[in-house]
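Visitor: Chain by chain, the residues run as shown.
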Amino acid sequence: MSRTPPIVSVLPTRGLVDEKFKVLVENLPPGRPVTVRSLHRSEDDHYWEAFGFYTSDHRGTVNVSKDPSVGGTYTGKEPMGLLWSMCPVPGSRKGLRLRKLNVCSPMLVNISVHSGHEGFRDQTPLASVLIERWYMAPGVKRIDVRERGLKGTLFLPPGPGPFPGILDLWGGGGGLVEYRSALLASHGFATMSLDYLSCSQSVFTYGETAFNFIKDHPQVVADRIGVVGLCIGSLLALYLAADSTVVKPRCTVCISTYTIYPTDRVLSGSFEELTILSDKISVDKNNNEMWRDVGLEIMSDSRKVNTGKLTTPLLLVSGCDDQNWPSFETAEDITQTMRAAGNDHLLSRLDYSDTGHLIEPPFSPHFRSTKFVTIDKRKVMILWGGLTKPHSDAQEDSWKKILSFLQQHLCSSLNAKL
Amino acid sequence: MSSQAAVFLGCSRSGVGCLVPSTWMDRRKCCVQLSVHPSRGLIDEKFNVQVQKFLPGCQLTVHALHRCEDRNSWEAFGHYMTDASGTVNVSQDTSVGGTYSGVEAMGLLWSLRPVPGSKPGLRLRKKNVQTPMEVTISVYQGHQTEGFVDQVPLASVLVERWYMAPGVRRIPVTEDGLTATLFLPAGPGPFPGVLDLWGAGGQLVEYRAALLASHGFASLALDYLTCKITMETGKMVDNQYFETAYRVLQQHPQVLSSRMAMLGFSFGTSFTFKMAVYSQVIKLRCAVCIGGSHVQPIDASVKEMFTYFNNNASKIRVNEKNEVIWRDVFQPTADPSIKVDMGRLQCPLLLVVGEDDQNWPASEAAKDMKEMMERAGNSHLLTILSYPKTGHLIEPPYTPHVRASIFRIFDTHQKLMLLWGGQTVEHSRAQEDAWKKILVFLRENLYGAANPSATLSSHL
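If you read the sequences in order, they're chains D and W. Going by the numbering used here, the first residue of the first sequence is number 125, and it counts up by one from there. Going by the numbering used here, the first residue of the second sequence is number 87, and it counts up by one from there.
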């Protein structure tokens, strides 16, 4: 066999989920059409793939970072398209969502190269490599937190510390979602993710307890703690920043922001209110529930967090095509409130067009709609919104800026004090 | 010594005006950012170490600590000064002291040495290639030279260095009486095959084969001295053992039978030269020999090689430090009956030579081989990489250099302090350069177009 075997290489083979990689295919015949494909088997046993169509150059090389894809799940020059454009393989159930629950192990992705632009799923690849994508950097410690009535997971960066701290609050999906916290710890923040939906007491008191737990930790700098909240989590984040008399975050990040107080201070009250209005929830032609309009309806006459009382910086990240919650309108509402109160110098906004509700860490696949189990146990398909390419660009851009915002306010250089 | 006192001491020794109250120092600890990219890399990949957000114009020590499998600790450190933005970038800035100096992106690895108080004669080698080498990179204030373990650093991170890329498979091989380990690259294959031979220390040394598999070569690490057959029968293997290993590798369904190579180091080069030239079974596309010699009784078996060694024991020298020098034993002479006839070689050969090799006369042997091949008309197959001030142990890049270390004779278990040679800086540069060129050589000859004897490596 004298035909030269093709070689596919990815650098790095082991990276953090927010790091870019370079994919290079070499030793192909020149001018040959090939498909470069990624394949991932999720923790719940579904297969996800992405692929791009390329043609090798005169040296028999395809460089995914530099060459344009002419078709597939992404087109154009997209170094990371093999990750962010992933979708369930044909034949999969509808409404799947890709999330890593076990952050101590890496996400494994197979990157392969196939001959031609058709029928690649039935072919043995010409070559393939396996890469690892990690949420946890080496040395990051994962610690279960079950004290003071809390249910959370603390991630500590490696090293002696002390570190700035972050309270990380997910949205209404419930449970203990750890991956963003693990990633933040990999960037030097002692971060705790908190399961607050299953608590029976006032979630606001629960949030204060969690904040103080972080503050009291010997490896955390007590006056350098921020809060990051997504969706319903942003409500708790804003409460801690604006209305709490017990704690004071040094800065706050709200993604897909929600500001409406439930009437009885137990957070599930919000969902109950929405459930009462569930006959008002419209569905699109695919039977996906769009909660956005309900949100708009109740926004004007509900009691909200008073962001006019904020005394520390706030970053709002909104998708303008958020079909689950009127994030953009909420951000506008907050802007007006803060302008009127004279504290809008504390406000920064990132608004992204054609971007939906689920603004995740970079290169996570985009889902326009997925299955969701509501608090009253209905299994529905929820429309999150967003178009894949702009949404993925928003994820990459917002993450960089969120990290920069957190670093600026939680790790400011000593020079600033001199 | 408390961490606060240490911080003061560091500052005052440095003489630079960054004495600050200790309460500020606690805050400073929060702000210093230390990062290493990538945090998980292959053993032969470079990394970028950066310290950010410290005070400007301040002295810092960047330190590496590795605790190896046999529980010894190795360390390296460089002395730096932060720039106007409070940053140190190890890839771009100059170390003004420590275990390495100058602009040395990887000095924190290649200048690793046993911590003070360690036993003499240590050598750093990884046995279990399925786990990474873990190195803790830390930053301390001031220009420290000792006592690191008693201080709290300003920051530290953990870095993983892997011999095996993800998806590389490790497969023990025992068929046909072999003691070997096969490493297959990730992917469907088939792949070119490399038979990997180490030296007279014996054991099954896997790390280089694992690393070669991470670069796309199906590699077989072979134990030919302390293998099962020898341990059980007391008899050393014959030359068929090497041919069997080659055959088993070649016939593997995921190996390309027409794209095979041998890579030998030290004593392993003796068998590489012999097989490449004389074997009817072994047909190589190319061969790599590191730190070796073609001197041997014609067609000698392993046992006969050792007999030859013992017969020439008078050529062994011992220096004033009681370090044993073996380099004169396999010196080439004019006698053709004790040399492999390199004029009959038919495949490209890459020789890697340390000019300060005190264990094997690699330089003299390379010169002799070149002359033989020039006379025979096949010297176009030969490429010699010769490195000044480089010793015998030419290992994968960033492996710490040791000039001498304890060596255990594989059968008698007698321990000697063997002199390997080399000066650390030059030897480390040689390791990095040689490995790159070895990979290019293997890639061109094993992944390249069909005609093997036409593949020249002159551009190396």
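Quick caveat, the hints were computed from the structure, so don't treat them as lab data. Ideal placement from N, C-alpha and C gives every residue a C-beta, glycine not left out. Hints are not guaranteed to be accurate.
Listed next, the stretches of chain D that the computed footprint assigns to chain W, with coverage defined by at least 3 CB atoms under 8 Å from CB atoms of chain W [stated by the list, open to error]:
hint, stretch
1, 163-176
2, 252-259
3, 282-288
4, 416-425
Just the calculated beta-carbon pair ranges, DEER-fashion [stated by the list, open to error]:
hint, chain 1, residue 1, chain 2, residue 2, range
5, D, K265, W, H499, 40 to 48 Å
6, W, E232, D, H170, 39 to 47 Å
7, W, K321, D, D268, 31 to 39 Å
8, W, E261, D, P153, 44 to 52 Å
9, W, T180, D, Q532, 55 to 63 Å
10, D, K144, W, Q216, 26 to 34 Å
11, W, E232, D, D169, 49 to 57 Å
12, W, R153, D, D268, 54 to 62 Å
13, D, E167, W, K321, 31 to 39 Å
Visitor: All the hints need checking, so say for each whether the structure fits it.
Guide: Verification of the hints:
Check result for the stretch 163-176 of chain D against chain W: violated, 0 residues qualifying (beta carbon to beta carbon below 8 Å, three or more required). Look at the stretch 252-259 of chain D against chain W: 6 of its residues bring a Cβ nearer than 8 Å to a Cβ of that chain, three or more, so the hint holds. With a threshold of 8 Å between beta carbons, the proposed coverage of the stretch 282-288 of chain D by chain W holds, since 7 of its residues qualify and at least three are required. Coverage of the stretch 416-425 of chain D by chain W is violated. Counting CB-CB distances below 8 Å, 0 residues qualify, and the rule asks for three or more.
At roughly 42 Å, the beta-carbon separation of D/K265 and W/H499 lies within the given 40 to 48 Å, and the hint holds. At about 55 Å, the CB distance of W/E232 to D/H170 disagrees with the hint of 39 to 47 Å. Under the hint 31 to 39 Å, the C-beta atoms of W/K321 and D/D268, about 57 Å apart, miss the expected range. In this structure, W/E261 and D/P153 break the distance hint of 44 to 52 Å, their C-beta atoms being roughly 36 Å apart.
A hinted range of 55 to 63 Å for the beta carbons of W/T180 and D/Q532 is inconsistent with their spacing of about 30 Å. Look at D/K144 against W/Q216: about 27 Å separates their beta carbons, and that is inside 26 to 34 Å. At about 54 Å, the beta-carbon gap between W/E232 and D/D169 stays in the expected band of 49 to 57 Å. At roughly 27 Å, the beta-carbon separation of W/R153 and D/D268 lies outside the given 54 to 62 Å, and the hint is violated.
Between D/E167 and W/K321 the beta carbons are some 52 Å apart, a value that contradicts the proposed interval 31 to 39 Å.
Violated hints, in rising order: 1, 4, 6, 7, 8, 9, 12 and 13; the structure is consistent with all others.
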